[in-house]
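> Letter by letter, the chains look like this.
Number of protein chains: 2
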Amino acid sequence: MKYGLAILILITHFATAQTLTGFLGNNSEKQSQIEAAFLNLQESERFKNHLKTLTKEPHVAGTKANERVRDYMAEVMRKAGLQVEIFPYDIYLPVMPGTAYAEIVEPVRIPLNNKEYIHKEDPFSSDPNLHMGYNAYTGSGDVTAEVVYANYGRKEDFEKLAALGISVKGKIVVARYGGNFRGYKAKYAEAYGAAGLIIFTDPGDSGYAKGLVYPEGPYYDESGIQRGSLLTLDWTGDPLTPFEPALPLDSKKKITRKKPEEVTGMHNIPVLPLPYGAAKEIFARMKGKPVPAGWQGGLPYTYRIEGGAELKVRVNVQQKREIQRVYNVVGTLVGSELPNEWIIAGAHYDAWGFGATDPNSGTAMLLALSESLGKLAQSGYKPKRTIKIAHWDAEEQGVIASTEWVEQFRDELEAKGVAYFNADGAASGRNFGAASSPSLKGLAIESTKVVPYPDSSKSVYEHWLGKRAAKEPPLGNLGGGSDHIAFYTHVGIPSWSGGTGGPTIYHSNHDSFSFYERFADPTFKMGPLVERVFGIMSLRLANADVLPYNVSRYGNDLRTHFEGLQKLTSAYDKSSAPYSFESLIKASDELKKTGEECEAALKTANEANKKAINQELLLLERQWIDKQGMPYGNWYRSLYASPDPYSGYASWMLPAFQFEAANKSTANLKIWEQKYLDTIARLKAKMETITKLAN
Amino acid sequence: MKYGLAILILITHFATAQTLTGFLGNNSEKQSQIEAAFLNLQESERFKNHLKTLTKEPHVAGTKANERVRDYMAEVMRKAGLQVEIFPYDIYLPVMPGTAYAEIVEPVRIPLNNKEYIHKEDPFSSDPNLHMGYNAYTGSGDVTAEVVYANYGRKEDFEKLAALGISVKGKIVVARYGGNFRGYKAKYAEAYGAAGLIIFTDPGDSGYAKGLVYPEGPYYDESGIQRGSLLTLDWTGDPLTPFEPALPLDSKKKITRKKPEEVTGMHNIPVLPLPYGAAKEIFARMKGKPVPAGWQGGLPYTYRIEGGAELKVRVNVQQKREIQRVYNVVGTLVGSELPNEWIIAGAHYDAWGFGATDPNSGTAMLLALSESLGKLAQSGYKPKRTIKIAHWDAEEQGVIASTEWVEQFRDELEAKGVAYFNADGAASGRNFGAASSPSLKGLAIESTKVVPYPDSSKSVYEHWLGKRAAKEPPLGNLGGGSDHIAFYTHVGIPSWSGGTGGPTIYHSNHDSFSFYERFADPTFKMGPLVERVFGIMSLRLANADVLPYNVSRYGNDLRTHFEGLQKLTSAYDKSSAPYSFESLIKASDELKKTGEECEAALKTANEANKKAINQELLLLERQWIDKQGMPYGNWYRSLYASPDPYSGYASWMLPAFQFEAANKSTANLKIWEQKYLDTIARLKAKMETITKLAN
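Sequence lines, in order, name chains A and B.
Add 491 to a position in the first sequence, counting from 1, and you land on the number used in our numbering.
Add 491 to a position in the second sequence, counting from 1, and you land on the number used in our numbering.
None of these hints come from the bench; they were simulated from the model.
Heads up, the beta-carbon is just placed ideally off N, CA and C, and yes, glycines get one too.
Treat the hints with care, since some could be wrong.
If you want a taste of the chain A side facing chain B, the calculated C-beta under 10 Å gives, among others [claimed, not checked]: (1) P694; (2) G698; (3) Y699; (4) K701; (5) V704; (6) G708; (7) Y710; (8) K771; (9) G788; (10) Y794.
With the sequences and hints as input, model every part of the structure.
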């Protein structure tokens, strides 16, 4: 046993003299010893080797290559001592790569490159299994038409075009990446009557204007393509099985599937992603009026709204869809005392190409974490609660397999879910960042204080805080975009997402191990850093006497969100008695006070009531779940958090109100007010119960 | 007589029912009638014809072509009924064009274009008398060296390079236009040891990234070059005759001239301006580290700090200087009642090429104004005070001939100068803007309220205010950059600069009549608009019973400036008792109150004391003049306003303090405090005297 108790003495200076939230009596000291042991188990080499193995070939969901990744992960976790289960699903996926190309047809014929350059500095770039650029769930079609530039293809961009009297009907819309989830570019383009859509990476946003380009630097070169899904349904997950797990067709339990033609909201127009080297050819030939303020990008031309009649572009995209098998891999360390309270750390493992930063820097970190936790357990420190390490499939196509798993175990998760930590591409660079539900914010801040930032005298917390004068580091609010969605917004499990980031060539064939070791982190010390943060957070939740939720943060953050909503609604509500969030803000302040009393009581909680206290704490976040769901999609059930249904990536806090505001409506504000007041009252009552139990 | 009393009935709706500041009893009504008559005299066609004639050939200062412009202006003003005088000076000017070119020498030989393209849409662009790009007062030299990019070539940019450990010693610095007066780019490059300097127009600042380029639009095309002077001495005007007028060598009064070699501060390194089509060739070949944040421009490459050893660029510039003859042309309408109180409106007429927007849109406007005022005088409305219309020479080389004129008539101007209005390129576009000394701000605001904005129901004031929620339109503070400098900062005459602007191809051969009629103002209505504003302001000052200075504005604006200075000094003064501007702010507030009382008293001023009141008012601004001058140059004598001696273009308000702050010094703050308190006390005493005289 290489890493065992012998290194316990190497407690870092960060880990000393801290009273840990959730630990009673001298359990705090014992936990510190466990953490010190844990913090000595990480190795850069181990992380590096996992990453190299995981990313040796392109592994799109549904391919044999991805099954090889699946088997490697299962093997590593089994060897680490975890109970490993594999969960297969049959989901409705695009058949890759299909046909996908574009060309200028008039005034000259120019084929437009849509595959990454082969660079001698990156041996992976010549892999024969790499595909050209495509978007998953595009419509199919072969269209030749004039072009219209639509900036980022956001709702407001299409509205601006309409206001300018520019029709995209029958045209090919050219939009740049950024500003929203790419699926919404397709959704709006189709809604406004476009015949096709080209989405390009603008060098002003992600290319040479940002810094040196690949392979000299970490920014997109003129051949770098962002692939990605276009799925924008009213729910997350498999298009054919909303609310239900897409269990294999041959499984005993039969799931009722929608027929593909019953699924409304799939896109019909052909959509193709292009690199800026190709987009340049189009922009160089556009005529007509220059763009409105803010629409100019980094190509060396004045951007214009329309291409004019002399410029014709062809987009030919043919993409089939069929039911395909995907697999989640979940490893479990069963809790020694509270096996029915689950802490889950997960990341997807499927990629658009090699996936070195996205997602497999997170996967490699989780594999290393499973090994470290396994060693810790073997040396006598089994977690008191259950820790699960999950590897999700088919995230890239639309956060699918994690959602199916949540739907499969919804009841169990409602009863047992303590927290979900997401690690999608979690060690992609050298800058630490995180987003969180309120109740995990305190844990994240405290945990990062005991993890050193490599090659410096700082903790991760200090590095994260940087030179800010603020009281705490920038800890965002969680929304859409990855595998926490079902846990957080469908079931109501406190969720957190964090790790290190930096410039990457997102969703490109150039996101290889070669990219990683040259740009993302040549030291390979960031994987261990992130593992330490995930590990400390997991171990504190797992071993705490009472769950270390940041109870007062609910009220605190609610006030901020209601104040933001007040500004949003005041901007359009010009009635004589405009809606006021006053009573909700008042309720938030009271909730914060109750939360603070609760936290104070928990510091010296009555040990006899521990079990009851934890059960109540566990159900706090679940109070946000409204079985009727949101007006824009009843699969989204959290009254607290949701992906923004108009852009996809952004976080909507208090989404029922956000939806009203987005539609400039006041009709339902009073109705929602009552629902939110009721929820806050339930939260408050639960906190008061906990306080009583603790005293 | 085409325009006479017959049109008096066409009083515009803007001109009615206003009580005019400075007019007593029913004189306000009479003035309104005069203004109504004046406002009916403008004609687009007249403005257009003047502009076309003035700009038919390139007319650099010191050339025969510029003498033809001189003669045209003199003729127009004489015909209009003004007394016209021509003031010759012999000044030390560069001999144009000399030699000026650059080429890439290694790794390939590429000559770099430095002359504007000939466009068929602009017949002027093929004029054989147009020169290549050059900078006046460059040093001479033929150097071949590696290149270093220095962003805007500002003080802070060279400091940043030094901090990064990058030496420019022996290198050719490449800097983009913008951020400061170009002469300072040369000054700092030379100070840091550069062998040469290339200044280029960046497409991100002024080219395709801003909008359509010439001749399709009004932005620089890849051949457009900004010419301009590099002169950065410790004074403004002729390099050989600071403080003294550069009277002709053959004039009776002999002026002592410095020998050229005695003038310290002239640049020695060769400096060349280039268009972005040429700069692109350099940037495409640079190697090495990418630039710091904010240094990236609009060329389609990642900007790098150094070119590296493989890239060698040659700059060959040979430019002689000799004493040359230039001429101011001044037309005078002698005041009928107060001939010794002068209102002067002026603009330079020399240009780098045709000068359609800069400066001759202002010249054409002033010629039209002289005609309108002449007609008004002939129809019986002679101004009570003297109005002078001045056309300055050799402004482009360094605001020279206007300065010589001020130095020639310094004593008279100190005694008689009521106001100076500057009209440099005053009708260059369609957006109205202005900058002013405090005492003329009220006049500017009130005057623009009676001038209609063409083809709209708005006044110029309303157009200028736009959609701002602010109490007044953006009325800037006057600093460096044009012919007001000597009037305002050397003699202390209240000054104002205003007109209409928009995108122009500044200091380029493309600034032609063709550019003007296609982009600056196809309607030619802006010239008349600006003429109306200048005319109303002039006539109000000329005819007022008591000068309509905005007396309370001194105190008001002083507070703003002291508050700004407090922020500047607090940023570096970390002593235990940091310097406080409290007593100065207090004095400003008291001055404002005294000013308000003074303004109130002036509304019903005792007519018997009119003459005495005006004499006191006339000397208010002169209180700012400190004969010892500023620490960075004793020619700059106003304690209130100065060009920023570190950037040239920016305005320094309360420059003695600004100089301390720029040097992060606290040593002299207390000394200056006393000087400013004394000045404020003198202003206050003068205001109190006026109030007494008025009551």
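> With reference to the structure, classify each hint as holding or not holding.
Results of checking the hints against the structure:
| no. | hint | in the structure |
| --- | --- | --- |
| 1 | P694 | holds (7 Å) |
| 2 | G698 | holds (8 Å) |
| 3 | Y699 | holds (5 Å) |
| 4 | K701 | holds (8 Å) |
| 5 | V704 | holds (7 Å) |
| 6 | G708 | holds (7 Å) |
| 7 | Y710 | holds (8 Å) |
| 8 | K771 | holds (8 Å) |
| 9 | G788 | holds (9 Å) |
| 10 | Y794 | holds (9 Å) |
Checked against the numbered hints listed earlier, the structure breaks none of them; every hint is satisfied.
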